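There are 2 protein chains.
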Amino acid sequence: MPYVAPVKDMLFVMNELAGLSEVVSYPSYAEAGADVDLAPAILEESAKFNQDVVAPLNWPSDQNPSSLKDGVVTTTPGFKEAFKQFGAAGWQGVVHPAEFGGQGLPKLIATACFEMVHSASLSFALCPMLTDGAIEALLTAASPELQERYVPKMISGEWTGSMCLTEPQAGSDLSMVRSRAVPEANGTYKIFGTKIYITYGEHDMAKNIVHLVLARTPDAPEGVKGISLFVVPKLLVNADGSLGERNDVHCVSIEHKLGIKASPTAVLQFGDHGGAIGYLVGEENRGLEYMFVMMNAARFAVGMQGIAVAERAYQKAVQYAKDRVQSRDLAGSPGPVAIIHQPDVKRMLMTMRGYTEAARALAYYAAAAYDAQHASPDEAARKQNQAVYEFLVPIVKGFSTEMSIEVASLGVQVHGGMGFIEETGAAQHYRDARILTIYEGTTAIQANDLIGRKTVRDGGATARAFAEKIMQTEKDLASSGTADAKAILKQLTAAREAFESSVVYIVANAKTDIKGVYAGSFAYLRLCGLVLGAWQMARALLAAQELRAGDPNFFDAKIATARFFAENLLPQSQALAISIIEGGQSTNTLTAEQF
Amino acid sequence: MPYVAPVKDMLFVMNELAGLSEVVSYPSYAEAGADVDLAPAILEESAKFNQDVVAPLNWPSDQNPSSLKDGVVTTTPGFKEAFKQFGAAGWQGVVHPAEFGGQGLPKLIATACFEMVHSASLSFALCPMLTDGAIEALLTAASPELQERYVPKMISGEWTGSMCLTEPQAGSDLSMVRSRAVPEANGTYKIFGTKIYITYGEHDMAKNIVHLVLARTPDAPEGVKGISLFVVPKLLVNADGSLGERNDVHCVSIEHKLGIKASPTAVLQFGDHGGAIGYLVGEENRGLEYMFVMMNAARFAVGMQGIAVAERAYQKAVQYAKDRVQSRDLAGSPGPVAIIHQPDVKRMLMTMRGYTEAARALAYYAAAAYDAQHASPDEAARKQNQAVYEFLVPIVKGFSTEMSIEVASLGVQVHGGMGFIEETGAAQHYRDARILTIYEGTTAIQANDLIGRKTVRDGGATARAFAEKIMQTEKDLASSGTADAKAILKQLTAAREAFESSVVYIVANAKTDIKGVYAGSFAYLRLCGLVLGAWQMARALLAAQELRAGDPNFFDAKIATARFFAENLLPQSQALAISIIEGGQSTNTLTAEQF
Chain A
1 MPYVAPVKDM LFVMNELAGL SEVVSYPSYA EAGADVDLAP AILEESAKFN
51 QDVVAPLNWP SDQNPSSLKD GVVTTTPGFK EAFKQFGAAG WQGVVHPAEF
101 GGQGLPKLIA TACFEMVHSA SLSFALCPML TDGAIEALLT AASPELQERY
151 VPKMISGEWT GSMCLTEPQA GSDLSMVRSR AVPEANGTYK IFGTKIYITY
201 GEHDMAKNIV HLVLARTPDA PEGVKGISLF VVPKLLVNAD GSLGERNDVH
251 CVSIEHKLGI KASPTAVLQF GDHGGAIGYL VGEENRGLEY MFVMMNAARF
301 AVGMQGIAVA ERAYQKAVQY AKDRVQSRDL AGSPGPVAII HQPDVKRMLM
351 TMRGYTEAAR ALAYYAAAAY DAQHASPDEA ARKQNQAVYE FLVPIVKGFS
401 TEMSIEVASL GVQVHGGMGF IEETGAAQHY RDARILTIYE GTTAIQANDL
451 IGRKTVRDGG ATARAFAEKI MQTEKDLASS GTADAKAILK QLTAAREAFE
501 SSVVYIVANA KTDIKGVYAG SFAYLRLCGL VLGAWQMARA LLAAQELRAG
551 DPNFFDAKIA TARFFAENLL PQSQALAISI IEGGQSTNTL TAEQF
Chain F
1 MPYVAPVKDM LFVMNELAGL SEVVSYPSYA EAGADVDLAP AILEESAKFN
51 QDVVAPLNWP SDQNPSSLKD GVVTTTPGFK EAFKQFGAAG WQGVVHPAEF
101 GGQGLPKLIA TACFEMVHSA SLSFALCPML TDGAIEALLT AASPELQERY
151 VPKMISGEWT GSMCLTEPQA GSDLSMVRSR AVPEANGTYK IFGTKIYITY
201 GEHDMAKNIV HLVLARTPDA PEGVKGISLF VVPKLLVNAD GSLGERNDVH
251 CVSIEHKLGI KASPTAVLQF GDHGGAIGYL VGEENRGLEY MFVMMNAARF
301 AVGMQGIAVA ERAYQKAVQY AKDRVQSRDL AGSPGPVAII HQPDVKRMLM
351 TMRGYTEAAR ALAYYAAAAY DAQHASPDEA ARKQNQAVYE FLVPIVKGFS
401 TEMSIEVASL GVQVHGGMGF IEETGAAQHY RDARILTIYE GTTAIQANDL
451 IGRKTVRDGG ATARAFAEKI MQTEKDLASS GTADAKAILK QLTAAREAFE
501 SSVVYIVANA KTDIKGVYAG SFAYLRLCGL VLGAWQMARA LLAAQELRAG
551 DPNFFDAKIA TARFFAENLL PQSQALAISI IEGGQSTNTL TAEQF
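Protein sequences, first through last, are from chains A and F.
Per UniProt numbering, the first sequence starts with residue 1, numbered consecutively.
Per UniProt numbering, the second sequence starts with residue 1, numbered consecutively.
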């Protein structure tokens, strides 16, 4: 089933909700040539590449996944060639600095491009996604020497990156990392240890792999404060930049997974033959701090994967629902009709569409905040947008991925019996999406981050600032006064109040009843996603009402989707607030033995 | 991972919520030897068989599914032997009449036994499940001759049954069935046509397969009123009961499915070599009516599959959560603890447990209503219980299966990265559960049935009768007066009111705004499941408070689970009522072209 990038919706969101015109005005982006007219050009180009080159690989790659033989991973047919084109066309470097070969454009634009490659193939896109995170970590913390040696080849797509964090005993809790880094006289380190779940930890799509590895030096303190970050290339790099000997890092197995099968998930053994040569990134013992840079980029990116797979599953379901003729129309058609005319099929498609559009709008809004944080000429705006972005990252990650499982599951359901047959392809999305709430920090980790660092730590100030922005939109809805605006206003007000009550409860009780409050962390994350997503959809409605005459078909659909979201998805907010405020005790009552 | 049948919870539900003592007092069951002490004996025996014989086959069978070669399906190793034991021990015949070799016991007892075999292996259990439906259809509609010829061998497990309904163009809409049945001079028929998605339509676990096939006679009216039901044995049966020639029905392919892989799903070709010999069941053109008997049994059974796979996924997740040590306790433990101590893990496990226990209680309650409908000596009670059972069937099917997908998905999530690795086994439940909302009538079909035939047709009378029963429980909660009872009362009252408002809205508007009302059919089904499930859990709490001293550990857990359900799951009811009452219009706004 072909994928058609939703360029129109992406541009609408970028222009009307995320403030593209302001973003491209920031000096560094303007210098790089960004303007509002560049975005459609880039998006069209990206759409073409992903629709034509990557998307057709998605289903065959699932049936013929990457395989391991004698330590060598052979990726699925077509990935190598597609990745070469991806790099050559400059897609790896959209946001990265021109001095290293990138384009230096806003994250807002790059986000749309990445959404497309994820929709085209989650398995494929993981390779550039992880490489992107590795580039960002090197740019943040590595010495100019390391940057010059590694970053340009990663941006060009000649080499890829990997993130080597997890160990068998250290998953969500990285303080338990045990890999060792022993300093050598020449300033390098010898790295020893086992890393698991390493996405594209071994493959044949690039000439070299730049592993970023967490390890402990011999006299490092215990826990998170004793972890350092190292570059460990698969092949050593000579002084002139050419490739040298094989480093002592080897893939010993790849996982047999539920989904994203074409993406090799490696177990890597470092140092079994004398020690892998590693280069310290930044300072010793600050590794986790650097890794967080990479992880925040990756968390946002995984959120985009959720939106991307939801979009793909939605398109597929719509196509099937238009094609499949079965049963009469409920209102009494003379003969059977396409199932898209059945109200419950519409309910499923609208749910898929509503979640996807709302999550996209919120993620792009967050990307614009990231751009403002990094490139706005106004210091106060930079600071404010940092708080906005940091609040939104766990929501973009957690909410978009949780909804993607539901959306992919609905995609199967729309197909009926056909959905359960693998060849149909709907089941692949259901399998693929299932990893998204797990890797790069489970939803629980995102929810803990949102409640602890992002809400309680500032006494709920950032959360309240969002509530105030929503109230402004409520005023705009009231002034608009259309039936749609009024219907949304009613639900948005109730949901915003539920959000505010939850924030008050959480801030007031986090110290005295930590387990009770954190029992509601998932509900709080979901509530935030719903209310902020609905807020973006309400803003979308207001913009669509203004712009309607230019493209009635598109804008009417946007208006209807905004109202559907408010009336059919958003009302869950109040149930979630009850869980948060009243449900903590009963969640924690059972002892481990009583389960 | 071993399965341990939750016999204690099953017996609690049977005795305290479903009225086992009354059920076994009905004359026909009493004559068959049923009494309250028989239930634990049977359940323990069933537990032993399923735990020891069937459950260990579940994971290997997924990895080594049934295969087709030259029209012969070889089932996964172990299934044949296990099915032989299943039949020999009498498990196929628990509810069926003694005159045909069954035990003649209540459905309430059989339901617990079937839950166990489904938990042990959904793929395996489908074979007896479909056979059960076929037996029921034959007992309802077939001539004594056909019954005598086929039923005893099916009850003994020597032969199995299949339900051949679906054709490529006739899935949810059976009026479009095109298979033909041509009468022969000797009173038999020649059957021609293609049937798809036939569970255990071909296999090597029994000596013969008794296909029940929907087809049209030459001069049958169009649509549902022209469908007849036929017995088409795989091997013809001689007058003396011995097996004769191969009939003209052949398996041409089996599906490559997302889950329940060990269960062969066949495409069957009837009559490609001159016509398959079929025997009319009952009267011509009444086939759909008979098939509904079978389908209602099968729908209830699929609901049990949902509960069963949820139970299995829950047990697995609990075990992992107890074993996996990671991160400190939030309240500040000296070192890392098992993840079961993390509030969000408890939230997931409690959600899994809450849904499973509530759905079990509701299904067993429904089974008891079935028994009263068929065996109560009181005519008014029979009639009343028929309405109760018929109202509950789509809820047991739709709610239990929808929740099973969520529960299986949470099971994966509790396992973190391990959950995504196939060898762990959690992913199998996630894959297997995905069919349950589709086959034997999708959730949309159940929801349409619930709203149309079960709610609107009697003007909401049955629904209101449930509301009154819930109000009685609310009074009991108020009299109890414990903190737990009061907390549940608050939520149950709000949810019951949401249910009542929804019923009023649906009944009032079903004629004038059919598409708007049916847009809320899924929400209504889910609302019914939540409020009726919570009602059973409230009744469970009241019973548990009385019985607590006898087994504090078990009953305290029941009380906590009831309260968790009320505070953390039930509040969704109000959001669903908003969807039903206010959300219909926006669900239907988009035209097919706008998607």
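Don't take each hint at face value.
Remember, identical chains collapse to one label, so a pair may be satisfied in a single copy or spanning two.
Simulated crosslink set (SDA-like; lysine to any residue; CA at most 20 Å straight-line) [unchecked claim]:
| hint | residue 1 | residue 2 |
| --- | --- | --- |
| 1 | Lys322 | Pro336 |
| 2 | Lys469 | Gly78 |
| 3 | Lys48 | Asp476 |
| 4 | Lys322 | Ser172 |
| 5 | Lys84 | Gln386 |
| 6 | Lys490 | Gln574 |
| 7 | Lys322 | Glu593 |
| 8 | Lys475 | Leu330 |
| 9 | Lys469 | Pro221 |
| 10 | Lys475 | Asp70 |
| 11 | Lys469 | Ser172 |
| 12 | Lys190 | Gly275 |
| 13 | Lys475 | Asn64 |
| 14 | Lys80 | Gly223 |
| 15 | Lys515 | Gly332 |
| 16 | Lys322 | Ala467 |
| 17 | Lys490 | Asn509 |
| 18 | Lys475 | Pro97 |
| 19 | Lys515 | Leu330 |
| 20 | Lys490 | Gly104 |
| 21 | Lys383 | Thr217 |
| 22 | Lys469 | Arg324 |
| 23 | Lys80 | Val325 |
| 24 | Lys190 | Ser21 |
Think of the hints as simulated: they come from the structure by calculation, not from any bench.
On a predicted model such as this, the values are computed, not experimentally measured, just so you know.
Hint-by-hint comparison with the structure:
1. Lys322 with Pro336: within (13 Å within a copy, 53 Å between copies)
2. Lys469 with Gly78: Answer is neither; intra-copy 47 Å and inter-copy 63 Å both fail.
3. Lys48 with Asp476: neither (38 Å within a copy, 65 Å between copies)
4. Lys322 with Ser172: For Lys322 and Ser172, the Cα distance is within 20 Å only across copies (16 Å; inside one copy 43 Å).
5. Lys84 with Gln386: neither (35 Å within a copy, 66 Å between copies)
6. Lys490 with Gln574: both (13 Å within a copy, 15 Å between copies)
7. Lys322 with Glu593: Intra 51 Å, inter 9 Å, cutoff 20 Å: inter-copy only.
8. Lys475 with Leu330: For Lys475 and Leu330, the Cα distance exceeds 20 Å both inside one copy (39 Å) and across copies (40 Å).
9. Lys469 with Pro221: The answer is neither: 44 Å in one copy and 63 Å across copies each exceed 20 Å.
10. Lys475 with Asp70: neither (65 Å within a copy, 70 Å between copies)
11. Lys469 with Ser172: Neither. Shortest intra-copy (34 Å) and inter-copy (47 Å) distances fail the 20 Å Cα cut-off.
12. Lys190 with Gly275: Within. Shortest intra-copy distance 5 Å satisfies the 20 Å Cα cut-off; inter-copy 75 Å does not.
13. Lys475 with Asn64: neither (54 Å within a copy, 61 Å between copies)
14. Lys80 with Gly223: Answer is neither; intra-copy 39 Å and inter-copy 54 Å both fail.
15. Lys515 with Gly332: between (54 Å within a copy, 11 Å between copies)
16. Lys322 with Ala467: Answer is neither; intra-copy 40 Å and inter-copy 39 Å both fail.
17. Lys490 with Asn509: So Lys490 and Asn509 fail the 20 Å test inside a copy (29 Å) and across (22 Å) alike.
18. Lys475 with Pro97: So Lys475 and Pro97 fail the 20 Å test inside a copy (41 Å) and across (69 Å) alike.
19. Lys515 with Leu330: Classified as between: cross-chain Cα gap 7 Å, same-chain 49 Å, threshold 20 Å.
20. Lys490 with Gly104: So Lys490 and Gly104 fail the 20 Å test inside a copy (42 Å) and across (57 Å) alike.
21. Lys383 with Thr217: neither (35 Å within a copy, 77 Å between copies)
22. Lys469 with Arg324: neither (44 Å within a copy, 42 Å between copies)
23. Lys80 with Val325: neither (40 Å within a copy, 39 Å between copies)
24. Lys190 with Ser21: neither (49 Å within a copy, 73 Å between copies)
Going down the numbered hints, you'll see the structure goes against 2, 3, 5, 8, 9, 10, 11, 13, 14, 16, 17, 18, 20, 21, 22, 23 and 24, while the others check out.
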